[in-house]
Every structure is written in structure tokens, then in C-alpha cells.
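Here the protein sequences come in this chain order: A and B. Numbered according to the working numbering, the first sequence spans residues 1 to 166. Numbered according to the working numbering, the second sequence spans residues 167 to 642.
Calculated from the structure, these hints are not laboratory results. The structure presented is a predicted model; accordingly, all values stated were derived computationally and were not measured. A few of these clues could be false.
As the list claims (entries may be wrong) - Short derived list, chain A residues pointing at chain B, Cβ under 10 Å:
no.: 1; residue: V68
no.: 2; residue: L99
no.: 3; residue: Q159
Claimed, not checked - Partial selection, computed: residues in chain A whose CB lies under 10 Å from chain B:
no.: 4; residue: S67
no.: 5; residue: T69
no.: 6; residue: Y154
What the hints assert, rightly or not - Simulated DEER-style distance windows between Cβ atoms:
no.: 7; chain 1: A; residue 1: A43; chain 2: B; residue 2: T199; range: 19 to 29 Å
no.: 8; chain 1: A; residue 1: D123; chain 2: B; residue 2: G354; range: 53 to 63 Å
no.: 9; chain 1: A; residue 1: T95; chain 2: B; residue 2: A186; range: 55 to 65 Å
no.: 10; chain 1: A; residue 1: T95; chain 2: B; residue 2: D242; range: 52 to 62 Å
no.: 11; chain 1: A; residue 1: D123; chain 2: B; residue 2: S229; range: 32 to 42 Å
no.: 12; chain 1: B; residue 1: L348; chain 2: A; residue 2: D124; range: 56 to 66 Å
no.: 13; chain 1: A; residue 1: D124; chain 2: B; residue 2: H304; range: 34 to 44 Å
Using N, Cα and C, we set each Cβ at its ideal position, and we do this for glycine too.
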Amino acid sequence: MFGLVVAFLALASATGASAQSALPPPEGEVLLRVSGRISRTNAEDEAHFDRAMIEALPRHALHTTTSVTDGVRSFEGFLMRDLLELVGANGTTITATALNDYVIDIPISDFTKFDVLAAYRMDDQALTTQDKGPLWIVYPRDEHRELQDIRYDYRWVWQLIHIEVR
Amino acid sequence: MKSGRNSGFAHVINVAIIAALAVFLGVALVKLTEIERNMRINAAENMLWVIYQAHVASLRLDSEIVRGTNGAQDTDVERRFDVLVSRLTLMREGPQYRYLETLGLDREFLSLSDAAIDMGRAYGDPPAGGAAFPVQAHETLQRLNAWLARAANAAMVREWNAIGERLDSYRHALWQVLAAILGIMISGAVLSIRLVSTLRRVRSAERSLRAARELEKELERERAVSRFYRDFASTISHQFRTPLAIIDSSMQRLSRRGERVTATEIAERVGRVRTATRRLARLVERTLDAARLDTGQIEVHLQSFDLVGLVRGICERHREHTPGRRINFVAAGRSGSAEICTRCDPVMIEHIVDNLISNAVKYSPPDKPVEVRVEAHDGAALCSVRDEGVGIPAREMPRLFERFFRASTASGVPGTGIGLNLARNLARMQGGDIDVETCEGAGSTFTLRLPLVEEAPNGGSAAGEEFAHREGQAVP
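Construct the entire structure; sequences and hints are all you get.
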């Protein structure tokens with residue numbers, strides 16, 4: 001179900017080398033803002049990501065069913081823990097906010113225990129803000145029975161635009 | 167036969183109860199598994215939330231558009247529109263759309279959501295929808311909002327009904343589980359009661375079996391006693407007949423001869439009658455001894471005594487009584503001492519040794535010697551009496567010490583079968599015993615074995631006279 005897709009850019013090594021340096025500033029439209037207890041920023045206290053920066057994170061694929069769609073869907077995106085590592089997150093919880101002001105707290109342990117994806121493509125189609133884009137937090141629910149629980153279902157935040165590390 | 171059928175029936179009942187137990191357990195397990203499986207809640211069932219979110223998105227878009235018509239410059243119509251489209255798209259997808267179908271609201275929703283999405287596209291066209299746009303958009307959203315309110319209402323009713331049904335099914339399943347548990351408890355209780363009652367029956371059966379065995383033993387004892395008295399009567403009467411016949415014939419002869427009887431003849435007849443009378447007296451004495459032994463009237467008075475002196479005295483008396491017989495006495499005392507000290511009742515010892523010597527004299531030819539030997543051996547004081555007489559057949563050895571038993575080789579010799587039995591009983595009462603070695607036709611050796619003691623005898627080496635001053639204590 002879960003497969004590692006080739007990391008297109010050698011971003012992993014780049015982040016390793018410049019762990020404490022500032023992030024490059026976004027050039028295009030900002031799709032995601034990360035704030036709170038992070039050590040790497042590029043816009044005052046926050047880390048802003050445009051599409052190029054998002055797509056530069058190591059890509060992963062995930063095939064899973066969801067609770068709001070039919071059948072197995074294939075998702076493509078980055079691992080939440082990679083993002084948190086990139087921004088030097090130092091906290092236990094994130095507060096995820098969606099475009100429609102949906103706000104949910106998620107323990108960071110979810111991202112270390114499971115390969116939780118922030119997907120920007122579903123079935124080879126880019127997720128748009130008129131659907132569930134720009135980013136949809138997707139859990140590998142088919143691989144872990146405990147994730148097939150209503151208490152995990154509400155953490156599948158779509159139209160994700162802001163993460164606060166706490 | 168009846169009990170066999172009963173136990174078969176009981177077995178069937180037990181199996182049935184155990185089967186019932188298994189069925190109840192199975193039902194409980196299946197029902198609990200069902201409950202567990204039904205306990206998962208699907209997010210799609212949370213339709214009320216989905217509709218509410220869409221309603222909020224629609225209302226906010228509407229208010230944003232109204233703000234724009236009122237001249238506000240910082241409106242966020244596009245974003246609000248995107249959110250609404252996202253919510254409507256969600257509702258047009260798989261589980262959500264099927265839910266609307268079950269509510270019968272799907273067709274109306276399709277046209278309303280199509281209209282809303284088209285309206286958004288019109289806004290996107292330059293120049294920002296035109297003048298007619300806000301009015302049209304407001305109307306479109308109003309219709310959508312009215313539908314969303316109705317849909318929320320219907321979803322709420324459906325969800326509450328679903329919750330009610332689910333709770334009903336849980337309750338039903340739980341009742342079944344409770345009934346199964348009750349069944350398990352009842353079967354278990356019945357099984358336990360049956361087990362306890364079976365155990366009780368087994369115990370009482372064991373008790374009556376024990377009682378029956380007791381009774382059987384009692385009966386066997388009674389039979390032995392009756393047999394004993396039968397044997398006793400026949401033996402004694404037989405033994406009495408011979409001396410009585412001698413007495414009778416002597417008296418007859420004397421009376422028949424009348425005046426012609428000579429002094430010599432009288433003396434001879436008197437001698438015979440006296441011998442016969444002595445025999446009768448001895449018989450009565452033996453019989454009384456046996457009876458006393460049986461009724462526990464014989465007491466043991468133990469004291470330390472020199473066996474050598476005691477037995478030597480007995481031998482001397484026997485020599486006087488049967489002058490023609492050779493009775494050799496041998497004492498093999500321990501080095502440095504002529505005495506062999508033992509703890510015994512001298513009266514009993516005399517009785518025993520007397521009996522053994524009499525037997526040896528009775529059951530061996532007159533020309534053969536009888537050897538009496540006293541020795542200490544291996545912690546025991548031994549007194550053996552050896553004859554070269556008829557001996558005892560090996561097959562009769564196990565019965566030799568039985569009362570009234572007389573060896574086949576003893577036929578023709580008067581005897582009651584009491585002597586050896588009494589002798590062994592007396593020996594055992596003193597912590598000793600009598601053993602026998604024999605060879606048919608070559609003779610027998612009877613050995614009295616008594617416990618050896620170290621201390622000096624308190625009665626000296628003399629025998630007879632001291633018996634009157636016994637100091638030993640009675641053995642219970």
C-alpha cells in the first residue's frame with residue numbers, strides 16, 4: 001500500500017546540511033503556513049511554503065480507503081514528520097487549521113508512529129481548494145486497524161492551510 | 167439392572183447439561199462478537215456535521231457577497247466560494263451522496279449545488295459577476311440554505327432513529343447475552359447440585375459397603391466360633407471316651423469277679439483307673455486353660471529368670487515320671503556364666519517346656535532319646551526340644567499350631583490338639599515364640615525363643631519353689 005516514491009530532489013541532504021539555517025523564502029502563492037515552536041523560519045516567526053517548496057519535500061505515495069470517499073484512493077504528498085523536521089518543530093501537538101476554519105489538535109506522536117501523509121495529489125489529480133486541497137492529512141488507515149476509528153477520522157484535515165506547533 | 171439404567175439416564179442428563187452449557191457459552195460469545203463489530207461508527211454517519219459545515223460555508227459566502235455590495239473592499243468571496251464548493255463536492259461523493267439518496271433529497275441537491283457552482287463561475291468571469299450578480303447569488307444561496315436546513319432536519323431524524331435502532335439492537339443482543347449467562351448459571355448450578363448429590367451417594371454407598379464388610383467379618387467370626395465349639399465337643403468327647411472306657415471295664419471286671427478278686431488284681435485295676443483318671447483330669451485342665459486363654463483370664467507375670475535352671479528342673483521331673491526314657495539336657499551358656507537370663511513368666515515357661523517334652527516323648531519311639539537344649543543365640547534365649555520320632559508332614563506344617571489340629575502322623579496317640587496352640591500363645595504373651603523344624607519320619611525340633619536380658623536373675627537358679635513368690639507385674 002505504502003510505497004516510497006523517489007525523492008526528486010536531494011532535499012533531505014539539503015535540510016540536513018542546513019538544519020539551523022533559515023528557510024528560503026517562498027516565491028509563489030503561500031499554500032501552507034507553519035508557526036509556533038519551530039526553529040527554522042522564512043517569514044518572521046513562521047515558515048511559509050509555496051507549491052515548489054512543498055513538492056520539493058521527499059515524496060511519498062499512499063494507497064488507502066477514506067471514510068468520505070469510495071474505494072481505494074492513491075495519494076501523493078510528503079510525510080508530516082518530514083515537514084516538522086524541516087521546520088525544526090519542537091513540540092508535542094500541532095493545531096491544524098483548514099480553509100473553512102476547521103481546527104483540530106493532533107499529537108505529533110501520530111506522525112512518528114504512522115506514516116501520515118500531507119497529500120497534494122489524489123488519483124494523479126492535484127487537490128484544489130474547491131475540493132480538499134491544497135493539502136489533505138491522510139492516515140494509512142488500511143494498514144493499521146486502530147486507525148479505523150472515529151477518533152482518528154476527525155484528524156483527516158483537508159484544505160489544510162496552517163499548522164501551529166505547540 | 168435398574169441401577170444400570172439409572173446411571174445411563176444420569177449420564178445422558180449430564181451430557182445434555184454440559185451441551186446446554188456449551189450452547190449458552192457459544193450464544194454469549196457470538197452475541198458479544200456481534201456487539202463488538204457493530205460498535206464501530208462510520209464518519210459518513212456523521213452527516214449532520216457535513217450538512218452543517220456546508221450550511222455555514224453557504225451563509226458565510228452569502229454574507230461576504232452582501233458585504234461586497236455594501237462597498238467593502240477586503241472581501242474574500244473567492245475563498246468562501248472555494249470552501250462552499252469543497253463542501254458541496256464532498257456531499258456529491260460516495261457515502262455522503264448515498265446518504266442523501268436514502269433521504270430522497272439527492273435530485274434537488276444536485277440541481278441546487280449545480281446552480282451554486284455555476285453561480286461561482288459567473289462571479290469569476292469579468293467583471294466580478296456584474297451588477298445582477300449579488301441578487302442572483304443571494305437567491306441561489308437562499309434556496310440552497312433552505313434545502314440545507316431541511317436536509318439537516320431529515321439527517322437529524324434519521325441519525326436519531328439509527329441511534330435508537332442501534333441501541334435497540336445492542337439491548338436485544340445484551341438481553342440474549344444475559345439470558346445465555348443465566349442459562350450458564352442455571353446449568354452450572356444444576357451440574358454442581360448433581361455433582362454434590364452424586365458425591366454424597368458415593369459416600370453413603372461406601373459407608374454401606376464398609377458396614378456390609380464388617381457384617382461379613384462378624385459372621386465369619388461367629389462361624390469360626392461355632393466351628394470351634396463343634397470341633398471342641400467332638401475332640402473332647404472322643405478323648406474322654408477312652409479313659410472312661412478303661413475305668414468302666416476295670417470296674418466291670420472287679421464287680422464280675424466278686425469274692426474271687428485277688429489283692430494283686432485290685433492293685434493293678436486301681437493303677438489303671440488312676441492313670442485313666444489322671445488323664446481325664448489333665449484333659450479337663452487343658453480345656454480350662456484354653457478357655458481361660460480365650461476369655462483373656464490368663465495374666466502374664468514377667469520377671470528375670472535363669473532359663474537354664476528352670477528347664478533343668480523340668481527335665482528332672484520328666485525323668486522321674488518316665489524312668490525308661492533318656493532325656494538329655496544340654497546348657498550352652500555364654501562364656502563365663504552358666505546362666506541364661508530371660509524375662510519370662512516361669513509358670514508359663516514350665517507349662518510350655520512341659521508340653522514340648524511330653525510331645526517329644528509321646529511321638530517318638532521309647533528307645534530314642536529326647537534332647538533338651540538351652541542356649542543364648544543372637545540376642546535370644548532358646549530352649550529347643552528334639553526328638554527322633556514320626557515327624558510332621560510338610561503340607562501340614564502351616565496348620566500345626568492351630569487349635570484342635572493334630573498331625574496325620576499323630577493318629578493313635580491320645581491328644582486334644584490344644585497343647586501346641588496353647589504353648590505358642592503363652593510364648594507370644596511373653597514376647598517370644600515357638601518355631602519348629604521337622605522331617606517326616608526323622609523327628610522334630612521345637613524351639614522356644616524368649617527375649618534375652620543382661621541382668622542377674624532375682625530368683626537365683628532354683629526353679630519350682632519360687633513360683634509361689636512371683637513378683638512380676640501383670641501384662642495387660
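Indicate whether the distance between the beta carbons of D124(A) and H304(B) respects the range 34 to 44 Å.
holds (38 Å)
Between D123(A) and G354(B), does the C-beta distance stay in 53 to 63 Å?
This hint holds: roughly 58 Å between Cβ atoms.
Interface hint check: S67(A), Cβ to nearest Cβ on chain B, cutoff 10 Å. Holds or violated?
The hint holds - S67(A) has a Cβ within 10 Å of chain B, the shortest such distance being about 4 Å.
Does T69(A) hold up as a contact with chain B if the rule is Cβ-Cβ below 10 Å?
holds (5 Å)
Restraint satisfaction for Y154(A) [CB to CB of chain B, less than 10 Å]
holds (8 Å)
Please check whether V68(A) passes as an interface residue: C-beta within 10 Å of a C-beta belonging to chain B.
It holds, given that the least Cβ distance between V68(A) and chain B is near 6 Å, below 10 Å.
Hey, does the Q159(A) contact hint survive, CB to chain B under 10 Å?
Where the cut-off is 10 Å and the nearest Cβ of chain B is about 6 Å from Q159(A), the hint holds.
When you take the CB atoms of T95(A) and A186(B), is the distance between them in 55 to 65 Å?
Cβ of T95(A) to Cβ of A186(B): about 57 Å, so the range 55 to 65 Å holds.
If you check the beta carbons of D123(A) and S229(B), does the distance land in 32 to 42 Å?
holds (35 Å)
How does the Cβ-Cβ distance of L348(B) and D124(A) compare with 56 to 66 Å: does it lie in that range?
holds (59 Å)
Using the C-beta atoms of T95(A) and D242(B), is the stated range 52 to 62 Å upheld?
With Cβ atoms ~21 Å apart, the hint is violated.
Status of the hint placing L99(A) at chain B (closest C-beta pair under 10 Å)
holds (5 Å)
Of the hints listed earlier, those the structure fails to meet are numbers 7, 10, in rising order.
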